[in-house]
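S.K.: Chains P and E, in that order, give the protein sequences.
Following numbering that gives the first Met the number 0, the residues of the first sequence are numbered contiguously, the last one being 394.
Following numbering that gives the first Met the number 0, the residues of the second sequence are numbered contiguously, the last one being 97.
These are computed hints drawn from the structure, not numbers from a lab.
Quick caveat: nothing in here was measured; it's all calculated off a predicted structure.
Do not rely on the hints blindly, as some may be mistaken.
Chain E stretches covered by chain P per the calculated footprint, using a threshold of three residues with CB under 8 Å from any CB of chain P [what the hints assert, rightly or not]:
1. 12 to 22
2. 31 to 41
3. 84 to 95
So the derived label-pair ranges between C-beta atoms look like this [unchecked claim]:
4. P:L374 / E:S52: 26 to 36 Å
5. P:L374 / E:L42: 50 to 60 Å
6. E:P77 / P:K393: 43 to 53 Å
With a straight-line cut-off of 30 Å between C-alpha atoms, the simulated DSS-like cross-links for lysine-lysine are [what the hints assert, rightly or not]:
7. P:K270 / E:K95
8. E:K86 / E:K11
9. E:K36 / E:K95
10. P:K114 / E:K92
11. P:K114 / E:K75
For glycine and all other residues, C-beta sits at the position ideal for the given N, C-alpha and C.
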Amino acid sequence: MIKIIIQKQFAAKNSFFVFRNFLNLYLSAKILNIMCKNHYNPIHCIIPPYMLARLMESGNKRIADLAVNSNFRSLRFRHDRIFFQKASLQEKTILGLIGKESGKETMQMEVYDCKQKTDLSGAILIWDTKTNQKITSVAGKNVIKGGKASWDFYWQLFGRNSIDNKGLLIKQYVHYDKGMDNAYWDGRRMVYGDGDGTVFTSFTSDIDVIGHELTHGVTESEANLDYENQAGALNESFSDIFGIMIKQKSYNQDVKKSNWLIGERVMIGPKYALRSLKAPGTAYINHPDLGDDPQPATMDGYQNLPNTQSGDWGGVHINSGIPNFAFYVAAFNMGGYAWEKTGRIWYAVLTDTNLAQTAKFTDVKNLTIFQAEKLFGINSQESKAVKQGWTEAKV
Amino acid sequence: MDRGKSLTEAMKIKLIRTGGFIPVTKSAETEVSLTDKELVSLLEIIQPDPAVSRIKDGNYYELSFGTRSTPIDLEKVPDEYKALFSKLKSDLKIIKRR
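For reference, chain E alone in the conformation it holds in the complex (with noise of 0.2 Å):
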């Protein structure tokens, strides 16, 4: 079976927000059946440009999915995904810090 095709199971990804005027964290999970192939793409179309300099008091997201996480910019989501992560960030909820 080719792995590229087959749909992973049920996967968990969770949307971290960090940073910003008082550096809170926030984070919402959501399941989603995309393949590892759709993954990827996705991936590699929303990371974030390492060119762009630090914004003051910006806020960061990242998603997380598995035991991986990596850096993301919102602002490049496609359009067929943009519903999923529009509804990730509307739940964000800050993680209170012990």
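Here chain P stands alone, though its shape is the one from the complex (with noise of 0.2 Å):
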């Protein structure tokens, strides 16, 4: 009887174990195999932290070893970036960047009234996607309303959850200072001014400003463009290129039916738009206060504008019609909504890891080109497309 037992109790033991080795491998397994999808030698794959702890605990010596050793612990690190940006939606699901159920992601949104003062830190909470209370201010609901667009553009076509494709609460705050005729991005959150009333109305008025305005923070995220010069130019066209599409698809517009035009309902007057994607340098041209747009098309009329703030950093929002142009040949030349194809290629490249923050027009033109022959083919329509977009540009 006590044999039995003792038996019993050995080969129960003895199964945790089997069991408890085999968890191990298959956990070793599992996450090398994540790790190292895209590596020949699972040295140089990135793990983060929590994992690299249960490499450590591995029963397997060389994993742990691997785990222990301080060059792979600083090559995680330095690449980070690199893997969370490569890693499928499957991978950052497991590694809990994202919520476990695709699918089920919701939107996150504050609305913040900063009631014409300039403290952020002092404005009111006037909506939040939890309670959902009514509001009666039009620019709150207008940014609550592209918010959603914005967001709703981001998940449903790419699968990108918010701003930092982990979920980021979306924090918006209008009626900024008295008068103020601007919207920006602070690097967490959009501020909106309701314009000086004569030049321009509420930021808010236009879906495409919100667009714009969150897209700095996915470019942040991502390849985080420096501010200036070719770099902020691409910067500044991505926003757009982005803030025009999320309008295209609210307003189900295709290339032909849009007008390519930023901002028409926040510059008054119905010649005028802050910004004409399809033609740079006419958005408004001879308005009695702003003269003309100082856009160029093409690359021959790059203007190289000093670094500094009266110079636009290199002129960001000016050299950005160039790029922008590119984008609108290639849309318009391949035909149908902008966002199917033409969007899928330029958020390839917004989220390529080979895109350097100090990025030049050739750059991205090269990933471009690149990025839809992976995406369409060699040789395809919409890789002569986007050549076409940025000849036609002169880049």
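Each of the two chains sits in its own frame; use the hints to bring them together as a complex.
M.R.: Quick look at the structure:
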């Protein structure tokens, strides 16, 4: 009897060890498989800290040795961004970077009223997704609509969960300052002024402006393009491009139906808008207060401005007309809805780890051609359209 | 005479705003009576933090006086100058692009 009990206990203990070892090996293999998808040597992969800790406890000596290797650790820090960007939706889900059940992510947003003051910390919360309370502020309603449209755009088309792809709470501040004729992204939130009432109305009036600001956050969490010279102009261009696509998708406009104007309501007067992607330099002409739209459409009009405040950091809002025009031509030549093909190509570039922080126009030209060929095939109509876009922009 | 305590002759200062969603330059001018010491002290207080990263589509301000011009942070303006800068800010007018 005692012998039987001992045998049973031994068997149970043995099964436990077998199971534990199997689990260890399974987890190690699973983790390495996830981490090393794009690498020949597992040493060259990047593992988040909590997984590293688990590997260090592994029964597999080789894996444990790898985990404690200091070079391996430093490599992890250097390449975190690259790894997390390359991870598939499934990998990100496993890593807990996004909600575990894809399709169930929901937008998280808060809207604050600055009451025409400049102290953001004193702004009053007027709306949030949790309570979804009724509000009377038109600007508040506008940013809720624009914020939702922007979140939906990124989620539905690219599976991107908010600004940082990790479900970041979207914070929007309206009625900033007295008569402030501007909107901006300060690295954490979007802020909108009411306009001066003469040249500009509320900067919440156009969905593309809201999409533009939100995209600054997306760019910041991806390539984080420097805000100066050509990299800065590309930063602005990505915001314009995704801003216009967010508007086009909201209004179901194809490339022919869209007028490709950014901020056509923000700027007072039927003949004016803030920018034109179709014809940079024509958004406003002979405006009584502003004069002419300074944007060039082609590289021969590139403006070498000083990298200073007054020089618009090397003309980031001016020279962005060039990559904007390249996008417009590519999208128009592809036809249909811009977000379906051209948008996919540009998003693939925006999230491509090969897009350097200091990228120049030619870098984005090469990457968009590469991504077009990767997505649609070499010599495809799409890749030809992208090449044509950059040729027309003289890049 | 101690120059630091002397009143400068009604000095003109100009507030200039640049940047924004579309790069528009605005400016407003006024006359002030500040001693050199007061001006230097004010500029020290309102100078922007260089470590702050560039705000995307942000506006920037600079103060111009005489032949000099220097970037400033309006949020740092001390209480005693708030009315002055508030007036300047509300008087800002667009400088038309040529």
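S.K.: Against each hint, give a clear statement of whether it holds in the structure.
M.R.: Checked hints:
| no. | hint | result |
| --- | --- | --- |
| 1 | 12 to 22 | holds (count 7) |
| 2 | 31 to 41 | violated (count 0) |
| 3 | 84 to 95 | holds (count 3) |
| 4 | P:L374 / E:S52: 26 to 36 Å | holds (33 Å) |
| 5 | P:L374 / E:L42: 50 to 60 Å | holds (54 Å) |
| 6 | E:P77 / P:K393: 43 to 53 Å | holds (51 Å) |
| 7 | P:K270 / E:K95 | holds (18 Å) |
| 8 | E:K86 / E:K11 | holds (14 Å) |
| 9 | E:K36 / E:K95 | violated (35 Å) |
| 10 | P:K114 / E:K92 | holds (23 Å) |
| 11 | P:K114 / E:K75 | holds (20 Å) |
Hint compliance for this structure: hints 2 and 9 are not met, and every other hint is.
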